[in-house]
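Trainee: Chains as they are written, first to last, in the numbering used here: chain A, 1 to 143; chain B, 1 to 414; chain C, 1 to 468.
Pair by pair, the computed Cβ-Cβ distance ranges are:
#: 1; chain 1: A; residue 1: Ala108; chain 2: B; residue 2: Leu228; range: 57 to 65 Å
#: 2; chain 1: A; residue 1: Val68; chain 2: B; residue 2: Thr59; range: 29 to 37 Å
#: 3; chain 1: A; residue 1: Lys43; chain 2: B; residue 2: Val47; range: 37 to 45 Å
#: 4; chain 1: B; residue 1: Phe107; chain 2: C; residue 2: Glu96; range: 54 to 62 Å
Below are the BS3-like pairs computed for lysine-lysine, each with C-alpha atoms no more than 30 Å apart in a straight line:
#: 5; chain 1: C; residue 1: Lys2; chain 2: B; residue 2: Lys341
#: 6; chain 1: C; residue 1: Lys71; chain 2: C; residue 2: Lys352
#: 7; chain 1: B; residue 1: Lys262; chain 2: C; residue 2: Lys38
#: 8; chain 1: B; residue 1: Lys175; chain 2: C; residue 2: Lys2
#: 9; chain 1: C; residue 1: Lys2; chain 2: B; residue 2: Lys227
#: 10; chain 1: A; residue 1: Lys88; chain 2: A; residue 2: Lys131
#: 11; chain 1: A; residue 1: Lys47; chain 2: A; residue 2: Lys117
#: 12; chain 1: C; residue 1: Lys44; chain 2: B; residue 2: Lys262
#: 13; chain 1: C; residue 1: Lys187; chain 2: B; residue 2: Lys262
#: 14; chain 1: C; residue 1: Lys300; chain 2: C; residue 2: Lys154
#: 15; chain 1: C; residue 1: Lys433; chain 2: C; residue 2: Lys378
#: 16; chain 1: C; residue 1: Lys39; chain 2: B; residue 2: Lys262
#: 17; chain 1: B; residue 1: Lys175; chain 2: A; residue 2: Lys43
#: 18; chain 1: A; residue 1: Lys123; chain 2: C; residue 2: Lys2
#: 19; chain 1: B; residue 1: Lys341; chain 2: A; residue 2: Lys131
#: 20; chain 1: B; residue 1: Lys262; chain 2: B; residue 2: Lys203
#: 21; chain 1: C; residue 1: Lys418; chain 2: C; residue 2: Lys249
Sample of chain B residues with no beta-carbon within 10 Å of chain C, all distances over it, derived:
#: 22; residue: Ile54
#: 23; residue: Phe130
#: 24; residue: Tyr193
#: 25; residue: Thr245
#: 26; residue: Asn259
Calculated directly from the structure, the hints in this document are not laboratory data. Just so you know, even glycine gets a beta-carbon here, dropped at the ideal spot from N, CA and C.
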Amino acid sequence: MYNILALLFKYIFIIIIYLFIFSIIRLIYLDIKGMNVVSFDNKAYIKLINRKDYLPYKIEEYYIIDKVLTLGRHGENHIVVKDPYISKEHFQIVEDEDEYYLEDLGSANGTYLNGDKIYDIVKLQDGDIIKAGQIEFLFVNRK
Amino acid sequence: MNKGILSRSPRNLLFIFQVLGLTLLLIYKGKDIDKLTLGTAVGLVLVIYLSNYILTKITSGDNYIFLITTMLVSIGIIMIYRINEGLGIKQLIWISMGIFLFFLTYFIIRKIRIWENLTYIYLIGAYILFIITFVFGDRKHGAINWVNIGQFSFQPSEIIKILLIFILSSYYSNKDRWKEIKYSSYYLMGIIYSFIMLLFLQKDLGTALVFYTIFVAIQFIYEDDRKLVLINIGLSIFFGILGYTLFDHVKIRFQSWLNPWKYIERQGYQITQSLFAIAEGGFFGKGLGLGHPDFIPVVYTDFIFSAICEEMGIFTGIGIIMLFMILVYRGFKIAIAQRNKFYRILALGISILFGVQSFIILGGVIKMIPLTGLTLPFISYGGSSILTSFIALGILQICSEEIKTKEELDEAGD
Amino acid sequence: MKQEIRRIILVLVGLCLAFLSLIVYISYFQVFKASAIKKNSYNKRLWINEEAILRGSFLDRNGKTLVYSEKKDETYVRHYLYGRLYSHIIGYSYREYGKSGLELQYNNSLLNTSENAAINELKNLVSPTTEGNNIKLTIDHDLQSKARELLRGKKGSIVAMNPNNGEIYAMVSLPDFDVNSLKEDWKTITEDPNSPLVNRATQGLYAPGSVFKVVTAAAFLEKENLDTAYECTGSVNVGGYEFSDYNNKAHGKLDLKGALVSSCNTYFATKSVEVGKETLGDMAEKFMFNNRIPFDLPVKNSQFPYKGFLDKTELAAASIGQGKVLVTPLNMAMVASGIANGGQIVKPILVKEVLSKEGKTIRTNTTEILSMATDPIKANLIKEMMVETVNSGTGTKARIKNVKVAGKTGTAETASGKSHAWFIGFAPADDPKVAVAVVLEEDDSTGGSSAAPIARDIMLHAINNIKE
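Could you put the whole structure together from the sequences, leaning on the hints where they help?
Mentor: Right, dumping it as structure tokens:
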């Protein structure tokens, strides 16, 4: 009879709504950690462009560049990426006299800047896209 | 991809929710559902699922806001269809058009880049719409809100709302340009106040309040001349008290908020019926179809939340409040992350719009604050409300992406 | 930049707090306010559910139908066969005017629903209710009619009950109103300065006057070393106020019995000071003064204020049922019952049983002893005094041929100047079958002359016709 069905469904609806809410909150929570890192002062930083939850490993959304920022599979890097397409030491960004430089560290699959594979040290401009393996970063330098 | 995440993914949960709701409604209505409606409903479910999916692919920005609003829309339409089939079908159409407008707005704003400089056009547009309202408008429920064109009626104030946000954004993002005009901030305030006065004359107190709140919030954040903010707040208190003493219809609202039981037959009728419905629902609701939303006046628009609480429970009501809260939070987060000042203020304005409007109407129907006639975004029935909400959402979606400046675009040779 | 972000976050926090407050408020509303709000008569849902159910009938103790509902088209029509007679006891049940009397108090039984909404929901799923239960009253219809007849033209109340088990045989309050013409007469009824809607038996508070002396006498008996001898000179000064007897008559030498029989004010006024307010007050409370009387209809508490300051004059006045003492007619009937029942005060009962449509008993109201006001020996002493009152004292108009009647008269002075006429009593004195309380409001006559004859007729009818 309809009444029993409606009675049952009202609980089901509520359960689904709250599952929905909590799954969204869970996803958002992953973002919050990234937000605290951002400071809009004179530091430069790189921002992850990929959808973070589609990447099978833990990675932050923002990384501030101090003097040096390294990325690679090895645990000693600033950004550790456990991806088979990433080399143990993949690339690094170095700051020198308020300018930032990107250098590929002899990676197997290469580092790409705005779509082009780099072979030398390249100076980075605000808005550049750095790609390694399937990961893409936006380089931001507000100065 | 992790299978576990998939089954718990909000997109799938939403799908399940919609399917279950559809099934229940089918059983409820029995054999009376016609094929066309069923088809449209199924179509909409699929469209929503696809849209949520596609969005993850084509945008680098936020995915959650569309998810949240489609959940809100689903709850709303299940309730509206249950109460009145005809309106339910119309709402289906509005939602479909809304989603279309969402994507349209998204692409248009993405491509065309002139928005920050059109301040005067926005102003003129707003005043023209006001004139149209006064000249052609009809009085409904005590407020001159609606303009009829043939078969369709729409609310110009909804469009002016969006224009307001554009006005504020284009003003505060181009401060250098406006600084040249002396006292420009005062002029701005004067203009916004004129909007509010016009709305007050229309007896549309709810929208006036929304306009005011958006303005004062943006002004609080961006106005360099801090004393203007204080003047603003001071003026509003002054006008508020003035309005209360001078105008009966303001006084009535306050009286029926404080003690609706005394005026239960006339002014207090709406709010008390709303309270009865909410009280009868309990925490889990009476069950879809087992309550009496037909006892609630204006149930399709202002009091849709009460009907939802009656049949689906306070827990659903709280769920809706939480969804709005998350939506507003996401909007703010989008704003903060946006580097481009114009789009940042735009995002803020829209988030505040959603937040304030939903808070005012929700607070009003549960008698936490005095009642004002406003629609609950995405949930209430109404073409103007749904369409403008989706347009605003489209704008918000754009704001969540990286906006390359003109120079960067030219460089990239786009 | 940083300042901008700070302000933005401030606004965000403000909005989030606003939403949280919504959640808190709506939860608070649901938990604390909702159940009371639901019961408002403007909530049509209350009625929608009710109108689908055949509301139960009211029957008198002999099974005579007094009120019933009948199906007409899609809904039910309620027939009040005796619109005036039971207007206070049974009351009415209308959508526009709400419910009153037993229609209100026993609403759930009449509809066969439960107080608890959850239980109702489950019940409706399994087997939806379509029929309510019937209510059998303790009232004897003939006696009720006779009582009203006797009171006709006056204002006041009559309560007749069984002193042993508390069953109310008749309860009349005048002026009354016609339940059947409630809609047409609503304005007149609500604006009538004589308040016909009020059930004077349970809600009327009157100065008892001399009928209170029964309680005072019981208090005096409690004081062991009290010198019961007295010389009445017709008036006495207590605490600065002059108390006098009716017509200033001097009764001469009296003991307690003589004082009660002739209703000598000065006796009680003087001796009450000796006995003290504690003893008198405690006794009054044993007779249910200041206490809530559990009953099928709401009853106002009778008042004997002695906990605070009470000077000699006030105490003396209280001892003769004046001053601040106020009592409901029902309470006075219970006082009479108490004396009749060996000092035991039993709970008054209006609803004998709740029966299902098929006749099966669902609930019975059983006798309950509320208090032991005094012991059987002292009660017997007072009973003898009350018998003598009817034989040769102020209550001779209550005499019944061949039946020993116990009683006490009262003429209570009021602020308006028009006295209430009281009579309480029971019969047959040695094996009491019925106890009564009669009050004629502001009748400006004495209890002995106007109230006593009414009580007599009631008791006679009850003895001859009512089977226990």
